[in-house]
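A.B. asks: Here is what each chain is made of, one letter per residue.
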Amino acid sequence: MKVYQRLAAAFKAEGVSHVFGLMGDGNMYWMHELDKLGVKLLEVRHEGAGLGMADGWARATHTPGVATATCGPGVTQLATAFVTAARAQSPLVAFCGEHPTSDDEYNQRLDQSRFAAGCEAGFVRLATADAADDAVRKAFYLAKLESRPIMLSAPMDVQQKEFDDDDPYKPSSTLLPPRAGMPDPAMLEKAAGIVAGSKKPVIVVGRGAKWSGAGEAVLKLAGRIGALVATSLMAKTWLAEDEYHVGVSGTYATRTAMQLFEEADCVIGVGASLNRYTTEHGYLYPNARYVHLDSKPHVMMSGGRSADCYLQTDAKAGVEALESLLAKRAFKQTGFRTGEVKERLANALDDRAEFKLEPGTADPRPVCLALDEMVPAEYALYTGSGASAGFSNILFSRRRPVVLASHFFGCIGQMMPAAMGAVMAAGNKPGLLVDGDASIMMHLAEFETMVRYDMPLLIVVMNNQMLGAEYYKLDVHKMNAGLAAIPTPDLGAVAVAMGGRGKLARSVEDVRTAVAEWVKKPGPMMIDLRISRSVVTLPYRRIHYGKDE
Amino acid sequence: MIEVNERIDVPGTPRAVWDLLADPRAVVECVQGAALGDAHDDGSFDASLTVKFGPAKVTFRARVALELDAAAMAGHVSSRGKDNQGGTRFRATMTFRVAPHEDAPGSTVAIEARVEIAGRLATVVEGGASLVVKRMTADFSKRLAARCAQPSAA
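Keeping their order, the protein sequence lines are chains C and R. Position 65, counted from 1, in the first sequence is what my numbering calls 65; the numbers after and before it change by one each time, with no gaps. Position in the second sequence (first residue = 1) + 549 = my numbering.
There's no promise every hint is true.
To be verified - SDA-like, lysine to any residue: derived pairs with alpha carbons at most 25 Å apart:
1) C/K296 x C/H62
2) C/K40 x C/R399
3) C/K547 x R/P560
4) R/K631 x C/S302
5) R/K601 x C/R541
6) C/K473 x R/R669
7) R/K606 x C/M300
8) C/K332 x C/E241
9) R/K683 x C/H477
10) C/K547 x R/Q581
11) R/K683 x C/A353
12) R/K631 x C/E354
13) C/K473 x R/M685
14) C/K547 x R/D652
15) R/K683 x C/K40
16) C/K473 x R/A575
17) C/K547 x R/F689
18) C/K328 x C/M182
19) C/K12 x C/G197
20) R/K631 x C/Y277
21) C/K521 x C/K296
22) C/K547 x R/R669
23) C/K473 x R/G676
24) R/K606 x C/Y277
25) R/K631 x C/M300
26) R/K631 x R/Q699
No lab work stands behind these hints: they were computed from the structure.
Generate coordinates for the entire structure from the input sequences, incorporating the hints supplied.
C.D. replies: Okay, here's the thing in C-alpha cells:
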C-alpha cells in the first residue's frame, strides 16, 4: 500500500464523508483513493472557497470539515478562508500537498508551516512514511480539541512511499478527553446568590449552549428568574419561540432590546463569549453583574473583564444545576416577564424611518421580513457580512435548525462558500443565503459548483451595486462616496448562464414571485435584488450618523 | 478629533450673558445629561455627563477646570475623564468669548471646542460621535438662548 492510500483510509476512518477542494498533483492521488473508498469529492473553482465550505460544514455540525489543496499555489489561496475559520473556531482539517522533500528548487515550493502560522492555523507535517497514521490522527485530534483549522502538509514524495503496517487505523476519538462536566458547587452557590439578588436578569445564549443542547434548560431557568432571552449573533434566532426572546444582544440588537438591556441588573452568559460585539464593550449592560457559564477553563469577556462569577461547565449541565438550586431555594420572580415588556417586544422589529427609494429599487427591510415568512422554518438561513448584514442580522427572527452569520474576520465573500458547505452537511437540505453584491461577486464562480452538485441554495443578493460600508463612511466624512460604487451585471442572468435559476428583482413583489417558485422546487438559484442606496441599516444609522433608532 | 466652531446668538446684554457663562452651575444646567460634582481647592470641579450614542447611554465622569478673563469676557474650559466602565477616555477643551451682536440687540457667543475620544467606545461610535457632539452643541445653544431670555439674565 502507498502512503497516500493509507492517508485516505485514515481520513475515511475518521468519519470523513465529504471533501471540498481543488485537485492538483500534490493531492490528486489521495483524492483518487478517497473516491475509491466512497468519500464524496466536491471539486470547487478556488481552493479558498473549498476551505470556506469545510468551514461551513464545521460550523453547522460542530464536527471537522475537510478541505484540500495542492502544494504551494494551492495552499496560498487558502489564506483568508483559513483565518476566517480560525476566528470562527471551526474544527477542520486541510489536506495539502507539499513540494518533494528532495527538491528544494521545486517551482511550487513554499514554507507551508510558516504560512499556516500566519493564517492562525495549526500545522502537522507528514515527515516520514511510517508516521502516516500519527499525522492524520494528530490533525483531527488538534482540530477537535482546539476547535481550529489544522493544515496537514504531506510532501509529494513521502505520499508515494510504501506503507507496510496492516493494523487498523486508530481514530482521534480514542485520544480525546470527555466533555466538561458539572460546575464547582461553591461557584454554583455564588452564581445562585447573584441571580437571586437580581430583579431584571437577561440570559445571553451562544453557540456553546446550542451545541450542548441546553435550550430547554435555559427556557426553564428564564421562566423561574423572570429573564429575557437574548442570543449572541452566532446563535441568532435560537429559542426564538420564547415570548420574552429579544433577538440578538449586540450591534444587531433592536432599539427595544437595547433599552431593556440598560435596565438589566444581571447578565447570565451561557456558551457565549460575551465579547465586545455581544455586549458592545459592556455599554449595553451598564448596570449588570455577570454570571458566565462556559466549557472552557475561563473566558475573558469584552474589555479584559472577568464575570462576577465564572463557572466552567457543560452549558446544559450548568444551567440545569443553577435552575435546580434556585428551585431548592424556592426562588421565583416575574422580573422582565411582564405584560408591558411583552407589548414592547411585539413591535421591536418595526423600523419606521422613511427613505426615498431610487426608481427601480426596493427597500431591503420588507424584503427580509417577506423572506423570513416565505422560506419554510425548517430551511437554514445564512447571512453575509458587510453593510447588508445590518438588515438580515436584525430582521430575520424565525427559529431555524441552522442559522449561520459571518463577521469572524470582518471580510466579505466568505459566506457563500460556508453556506454551500453547510447545505452539504445538512444532507443537501435547502437553505437561504442573504448577502451583498460585492460578497457574491467575489466567489461568483462557485455558483457553477452549486449547479454541478445541485445544491438547493437560494441566494438573495442585496445588490446596491456598491461597497456599502465604504460608501456610507465616505458619505459621513463628506468624501467622494461614488468611489465605492461598482456596477454589477444582472446576476440573475449570470445564474441562468451557469445552468441554475435566476431572477432580477426590483420590488418585494418580484422577490415574492421568485421565492415562491424556489420554495416549490428548491435548487441552485440566485435572485439579484436591486436595493436602494438611501436605506441605511440601523447599526450604521447609530454608528455613523449618531442616531438613536 | 472632533472640532466645533460655533457662533451662537443669544438675547441679553454681553455682561448678563458673561455672568451666566462664568457660573459653572448655570452652564451645566444648559447641557443635557450633565451634573456638577464636588469643587476642589485648585478651582477645578467634578462633573458627569451622560451621552446617548445611538440607543446606548454612556456616562462620563470628568475633572473640569475653568479659567475666566472677565475683562475680555472670555473663558477657557478644559476637562478630561473616562466613562463609568473605564474603557473610554476623553479630553475636551473649549474657549468661548462673549461680544455684542454686530447687527442687532443681544450678544454673540463664539465657541471653539475640541473633543478627543479614545478607547473602546471610539470603535462603536466611529463617525457618529462627531454628529452627536454637534447635536449636543446645537442643543446647548438652544438652552443657553432660552436661559438668556429669562428676565434674570436680561
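A.B. asks: Now tell me if each hint is right for this structure.
C.D. replies: Hints and how they fare:
{"no.": "1", "hint": "C/K296 x C/H62", "verdict": "holds (16 Å)"}
{"no.": "2", "hint": "C/K40 x C/R399", "verdict": "violated (30 Å)"}
{"no.": "3", "hint": "C/K547 x R/P560", "verdict": "violated (30 Å)"}
{"no.": "4", "hint": "R/K631 x C/S302", "verdict": "holds (17 Å)"}
{"no.": "5", "hint": "R/K601 x C/R541", "verdict": "holds (13 Å)"}
{"no.": "6", "hint": "C/K473 x R/R669", "verdict": "holds (19 Å)"}
{"no.": "7", "hint": "R/K606 x C/M300", "verdict": "holds (24 Å)"}
{"no.": "8", "hint": "C/K332 x C/E241", "verdict": "holds (21 Å)"}
{"no.": "9", "hint": "R/K683 x C/H477", "verdict": "holds (14 Å)"}
{"no.": "10", "hint": "C/K547 x R/Q581", "verdict": "holds (16 Å)"}
{"no.": "11", "hint": "R/K683 x C/A353", "verdict": "holds (21 Å)"}
{"no.": "12", "hint": "R/K631 x C/E354", "verdict": "violated (36 Å)"}
{"no.": "13", "hint": "C/K473 x R/M685", "verdict": "holds (21 Å)"}
{"no.": "14", "hint": "C/K547 x R/D652", "verdict": "violated (36 Å)"}
{"no.": "15", "hint": "R/K683 x C/K40", "verdict": "violated (60 Å)"}
{"no.": "16", "hint": "C/K473 x R/A575", "verdict": "violated (37 Å)"}
{"no.": "17", "hint": "C/K547 x R/F689", "verdict": "holds (18 Å)"}
{"no.": "18", "hint": "C/K328 x C/M182", "verdict": "holds (18 Å)"}
{"no.": "19", "hint": "C/K12 x C/G197", "verdict": "violated (53 Å)"}
{"no.": "20", "hint": "R/K631 x C/Y277", "verdict": "holds (20 Å)"}
{"no.": "21", "hint": "C/K521 x C/K296", "verdict": "violated (43 Å)"}
{"no.": "22", "hint": "C/K547 x R/R669", "verdict": "holds (19 Å)"}
{"no.": "23", "hint": "C/K473 x R/G676", "verdict": "holds (8 Å)"}
{"no.": "24", "hint": "R/K606 x C/Y277", "verdict": "holds (16 Å)"}
{"no.": "25", "hint": "R/K631 x C/M300", "verdict": "holds (22 Å)"}
{"no.": "26", "hint": "R/K631 x R/Q699", "verdict": "violated (34 Å)"}
Going through the hint list in order, the structure does not satisfy hints 2, 3, 12, 14, 15, 16, 19, 21, 26.
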